[in-house]
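Protein chains in written order, with this note's numbering: chain H, 11 to 214; chain A, 11 to 214.
The hints are simulated quantities; they were obtained by calculation from the structure and are not laboratory data. Warning: the hint list may mix true and false statements.
Since copy identity is lost for identical chains, a pair holds within one copy or between any two.
As the list claims (entries may be wrong) - In silico SDA-like pairs for lysine to any residue, Cα to Cα no more than 20 Å straight-line:
1) Lys209 - Val160
2) Lys107 - Pro126
3) Lys107 - Ser37
4) Lys14 - Asp174
2 protein chains.
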Amino acid sequence: MIEKGVLIVLSGPSGVGKGTVRKELFSAENTAYEYSVSMTTRLPREGEVDGKDYFFKTREEFEALIERDKLLEYAEYVGNYYGTPVDYVRETLDNGKDVFLEIEVEGAKQVREKFPEGLFIFLAPPSLSELETRLVTRGTESDDVIRTRVEAARRELSMMNLYDYVVENDHVEHACERINAIVMAEHLKRERVEARYKKMLEVE
Amino acid sequence: MIEKGVLIVLSGPSGVGKGTVRKELFSAENTAYEYSVSMTTRLPREGEVDGKDYFFKTREEFEALIERDKLLEYAEYVGNYYGTPVDYVRETLDNGKDVFLEIEVEGAKQVREKFPEGLFIFLAPPSLSELETRLVTRGTESDDVIRTRVEAARRELSMMNLYDYVVENDHVEHACERINAIVMAEHLKRERVEARYKKMLEVE
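Kindly generate the complete structure, drawing on both the sequences and the hints.
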């Protein structure tokens, strides 16, 4: 009677520190998340291990997987494909483990379409709440600087739309604490727990 | 620009340990919750302070409040009224503080009707997951014992319906940790955060 795992998708504007937060989460001794290894057509670098750092594929293999809808999301950067193999994700979830994806905003959009039941977390730069403070206090910044920041905030805000939660990356430890709380809460949702108990009583 | 607080409603079958969990939550030094003091028509006991242990009211006063819809929930036990004054709850939430209610299942039902945006947490007895283990292992219990437990589980399951989250009270510290995680996650929901930032940018 295994309860399905949660697909955790961490994304946010580039430069916000997604990789750092992910590394910190996985450095915890008791991390319960399974990291989803990406697939790529770029050549392995010195020391990189197939199946650990990436799944290394040829262009033909990768395009065959696209064709067969075997990627949860993919994109092409500087002539190489990068993507998330869907079979690994589904199998790991079915085994009751939470899968952790750390991907770009574009990729997260593709995942939301294919896997709407995922847990989508937007990592937000502290600039937003700093801006909030600045708008209230004022005086220290020129109007131009404020205007540029307001524009950036508007762009970031418009990206948040498809996410379930917003975590500010003010300190990496705080961000991790919040992400862990969100995942814990997800497992305690009534629909999940109830389904498990109902199944148990049906068996009876 | 104060963000509204969350109304946290902790309930569950009688005897599950709601009071113990609530006391443990409030014994934490840095608790961020405001405890909602109940109103009652019973006489104060030795040492009980009006406004701290209860708001003590006469029967006439209490019934006037019922009449004016000034109670979030109320019930009569052994000839005395007990209830939650709604004004205190609304004012505290408007001041950006989270209000904590620990009430019976019947009261929680009334609160859900009047305040559907509350955060409803069902405290479940560990008997449910113990039952799960027993159903799988078997052999140690007579069929009668199992049947009685299954019936109890069915009753508890049918109560869960109107709650957002289910927390098992296996250990009081674990239960508190889970409740704190649920409240933290609630504050990080995209709708909440987004609304705050949008308001900030509108002001601009």
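Original post:
Between the shortest in-copy and the shortest cross-copy C-alpha distance, which are at most 20 Å for lysine 209 and valine 160: within, between, both, or neither?
Top reply: between (50 Å within a copy, 12 Å between copies)
Subject >> Same-copy or cross-copy closeness of lysine 107 to serine 37 [CA-CA at most 20 Å] >> reply: within (17 Å within a copy, 34 Å between copies)
Subject >> Up to 20 Å CA-CA - proline 126 versus lysine 107, copy category >> reply: within (18 Å within a copy, 32 Å between copies)
Original post:
Should lysine 14 paired with aspartate 174 be assigned to within, between, both, or neither, using CA atoms and 20 Å as the limit?
Top reply: Both: 19 Å inside a chain and 19 Å across chains, each within 20 Å.
In summary, the structure agrees with every hint in the numbered list given earlier.
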